[in-house]
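Based on the provided sequences and hints, a complete structural model is requested.
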Amino acid sequence: MAHALEEGLALLRRRGTVSAVLALSLAVPLSLAGFTTSLGLWSRPFVALENKASVVRVLLHPRMDAGQRRNWINEQARLHQDWTLSEVDREALEERLKVWFPYLEDLLEGENAIELPTLVEVKAGVPEEVSVLTEGPAVIAVGPTSSIDRVLGLVARTATWLLGCISAILLASAFSLVATWIHLEVYRHADEITIMRLVGATESAIRSPFVVAALIPGICAGFAASVGTWYLVRMVAVAAEAVGLSPPAFPVWLPAVEIGIGVILPVVAALLTMARHARVGDAE
Amino acid sequence: MKRYRDSPRASRARRLSRKPELDLVAIPDVRVPQLGPQNRLRVPEKSGTLIGIDMIRLKSLTKTFDGRRILREIDLQVDAGEFIFLTGVSGAGKSTLLKLLYAAERPSEGGVWVAGQRVDQLSRHKLALLRRKIGVIFQDFKLLRHKTVLENVTFVLRFHGLGAREAHRRAYQVLKRLGLHHRQSALPEVLSGGEQQRVAIARALAYQPRLILADEPTGNLDADLAGELLSLLCDINYQGATIMVATHDHALLEAMPARTLVLHQGRIEYDGSWPP
Chain A
5 MAHALEEGLA
15 LLRRRGTVSA
25 VLALSLAVPL
35 SLAGFTTSLG
45 LWSRPFVALE
55 NKASVVRVLL
65 HPRMDAGQRR
75 NWINEQARLH
85 QDWTLSEVDR
95 EALEERLKVW
105 FPYLEDLLEG
115 ENAIELPTLV
125 EVKAGVPEEV
135 SVLTEGPAVI
145 AVGPTSSIDR
155 VLGLVARTAT
165 WLLGCISAIL
175 LASAFSLVAT
185 WIHLEVYRHA
195 DEITIMRLVG
205 ATESAIRSPF
215 VVAALIPGIC
225 AGFAASVGTW
235 YLVRMVAVAA
245 EAVGLSPPAF
255 PVWLPAVEIG
265 IGVILPVVAA
275 LLTMARHARV
285 GDAE
Chain B
4 MKRYRDSPRA
14 SRARRLSRKP
24 ELDLVAIPDV
34 RVPQLGPQNR
44 LRVPEKSGTL
54 IGIDMIRLKS
64 LTKTFDGRRI
74 LREIDLQVDA
84 GEFIFLTGVS
94 GAGKSTLLKL
104 LYAAERPSEG
114 GVWVAGQRVD
124 QLSRHKLALL
134 RRKIGVIFQD
144 FKLLRHKTVL
154 ENVTFVLRFH
164 GLGAREAHRR
174 AYQVLKRLGL
184 HHRQSALPEV
194 LSGGEQQRVA
204 IARALAYQPR
214 LILADEPTGN
224 LDADLAGELL
234 SLLCDINYQG
244 ATIMVATHDH
254 ALLEAMPART
264 LVLHQGRIEY
274 DGSWPP
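Keeping their order, the protein sequence lines are chains A and B. Residue 179 in our numbering sits at position 175 of the first sequence, with consecutive numbering throughout. Residue 75 in our numbering sits at position 72 of the second sequence, with consecutive numbering throughout.
In case anyone wonders, no lab produced these hints; they're calculated from the structure. There could be a bad hint or two in this list.
[Said to hold, decoys possible] With a cut-off of at most 16 Å between alpha-carbon atoms, the simulated EDC-like pairs for lysine to aspartate or glutamate come out as follows:
| no. | chain 1 | residue 1 | chain 2 | residue 2 |
| --- | --- | --- | --- | --- |
| 1 | B | K62 | B | E112 |
| 2 | B | K150 | A | D195 |
| 3 | A | K102 | A | E113 |
| 4 | B | K145 | A | E113 |
| 5 | B | K129 | A | E113 |
| 6 | B | K62 | B | D82 |
| 7 | B | K150 | A | E10 |
| 8 | B | K145 | B | E112 |
| 9 | B | K136 | B | D57 |
| 10 | A | K127 | A | E95 |
| 11 | B | K179 | B | D143 |
| 12 | B | K62 | B | D123 |
[Stated by the list, open to error] Footprint (simulated), chain A over chain B, 3 or more residues, beta carbon under 8 Å:
| no. | stretch |
| --- | --- |
| 13 | 157-165 |
| 14 | 245-256 |
[Stated by the list, open to error] What follows is a list of derived Cβ distance ranges for each label pair:
| no. | chain 1 | residue 1 | chain 2 | residue 2 | range |
| --- | --- | --- | --- | --- | --- |
| 15 | B | D225 | A | S180 | 32 to 38 Å |
| 16 | B | D227 | A | A279 | 33 to 39 Å |
| 17 | B | D69 | A | I268 | 42 to 48 Å |
| 18 | B | E169 | A | L45 | 49 to 55 Å |
| 19 | B | E169 | A | V22 | 31 to 37 Å |
| 20 | B | G114 | A | D195 | 28 to 34 Å |
| 21 | B | P260 | A | D195 | 36 to 42 Å |
| 22 | A | W165 | B | T151 | 25 to 31 Å |
| 23 | B | H149 | A | I268 | 45 to 51 Å |
| 24 | A | S180 | B | L190 | 33 to 39 Å |
| 25 | A | T184 | B | E169 | 47 to 53 Å |
Quick reminder that beta carbons are idealized off the backbone N, C-alpha and C, glycines included.
Okay, here's the thing in structure tokens:
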């Protein structure tokens, strides 16, 4: 182990710039992946909103009597079985209007109280479909069919997927970069590997320095990625607080995961490359 | 040093009863200023030969390269503790025979046994372990370019299980024995051919192998150094190691009475003492 560490460090010293580029190429996607995870956790409630059934308000003609209203509701429920329709009581509607628009109180009370239209709430999976009701004579207005929640959810989900895909592509590139670097180093050291084999080095003794040489930039990349993620999350948190949103969290387990991936990814790349080119420098 | 004050009989009995252990520190200097029949090395009575215990066995060994037979049905048995010269003209198959012994080549036909193990059928791991018992002095030195003289010797000792300090100590002793300790920090590229050869020799001897295979070990050495090397190999053989030296240097053969194999056109033409 000590021998592998010495040889691996010697390899890194000889290829200092390449090692730094390697660490950076790992740190950037790791950092982005960590940031994506953090954003994903933060936007999870918004993403959930996208699939939440939206409530669309429909105003029925004020001249409709109770029987007509009931028939209309039953008819719509039969035609659109995924909808849930419920009539809002007049008292409840008045209460809501008083809360939202206190200056309407005079109009809603007393002898000359205005006649309110009937408000029906339609809970629908696809709120846009409710707008078809405006075509009928019973309906005087349909509330907003595109909810802000839904838009927020869609944006959050798309952003998470996009960042996730970019992170995955960059991580795959970093994996490929490590594998290519190890591949080149193995061929560059083919003579040494031959000599080592001839003087009795086992395969593990031959391969371990290369694994160490991949592992150390990986650990550094993991630490750098943790710092990078923390910085990005902090920037978003400041922006979110400025607009009155709750800031995204930086989970304590995230740095550990980033360092873990920083270790595992290059080691697996090195091991696979060494296994693939196991016969390099073989004396036979 | 005590062992050298023992009677030769007691010393020999002890050698035969246990695995040979080389101690380069304890090896007394045997200086041979110049090689030649006039100053042949006085070898003690056949030292450390374990009659009946094969160190090397070749059975109907044939090696073919591109349809050309380099070695033809060679049968050979070398007892543990023997000192053997392998000679012949260039292209006779000396180096190929050595390569087959340390499994750098595989036989086309026949089998190769070293220390009781058939080398051409060993797994990679077992082959690596077997090679740790074999010290090879390569004709082209095979030194690591990026490592200093000392590191070239210590790196082998490190994966033989020695700690850094012990490996450095032992490597320094071997280099001192070969007169290279003052160049321990130099890279191989700045060394002369003779110095590189001595580093290769130091590396082969440092881990005290049971079998030493030397391919033209004196090819780049002057007569004094060649004599020094031969005396060193002789001392190591005296302690029980089996040694096979491939050479076409007749001065070397005449300097030391030993079993000599003459290869000619891929066959062992002569097997006996030198001169025939």
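Hints and how they fare:
1. B:K62 with B:E112: Measuring from Cα to Cα gives roughly 9 Å; hence the hint holds.
2. B:K150 with A:D195: This hinted pair holds, its Cα atoms lying about 13 Å apart.
3. A:K102 with A:E113: holds, 10 Å
4. B:K145 with A:E113: Answer violated: B:K145 to A:E113 is near 105 Å, above 16 Å.
5. B:K129 with A:E113: violated, 99 Å
6. B:K62 with B:D82: Between B:K62 and B:D82 the Cα gap is close to 15 Å, so the pair holds against 16 Å.
7. B:K150 with A:E10: holds, 12 Å
8. B:K145 with B:E112: violated, 28 Å
9. B:K136 with B:D57: holds, 14 Å
10. A:K127 with A:E95: Distance of about 21 Å is beyond 16 Å: violated.
11. B:K179 with B:D143: Between B:K179 and B:D143 the Cα gap is close to 22 Å, so the pair fails against 16 Å, i.e. violated.
12. B:K62 with B:D123: holds, 12 Å
13. 157-165: As far as the stretch 157-165 of chain B goes, the hint holds, because 5 residues have Cβ atoms under 8 Å from chain A.
14. 245-256: violated (count 0)
15. B:D225 with A:S180: 32 to 38 Å: violated, 53 Å
16. B:D227 with A:A279: 33 to 39 Å: Distance hint for B:D227, A:A279 is violated at roughly 49 Å.
17. B:D69 with A:I268: 42 to 48 Å: At roughly 46 Å between Cβ atoms, A:I268 and B:D69 fall inside 42 to 48 Å, so the hint holds.
18. B:E169 with A:L45: 49 to 55 Å: This hint holds: roughly 53 Å between Cβ atoms.
19. B:E169 with A:V22: 31 to 37 Å: This hint holds: roughly 34 Å between Cβ atoms.
20. B:G114 with A:D195: 28 to 34 Å: Taking Cβ atoms as reference, B:G114 and A:D195 lie about 29 Å apart, which means the hint holds.
21. B:P260 with A:D195: 36 to 42 Å: Given about 38 Å between the Cβ atoms, the range holds.
22. A:W165 with B:T151: 25 to 31 Å: Violated: the Cβ-Cβ distance is about 54 Å, outside 25 to 31 Å.
23. B:H149 with A:I268: 45 to 51 Å: violated, 29 Å
24. A:S180 with B:L190: 33 to 39 Å: 34 Å Cβ-Cβ, so the 33 to 39 Å window holds.
25. A:T184 with B:E169: 47 to 53 Å: violated, 38 Å
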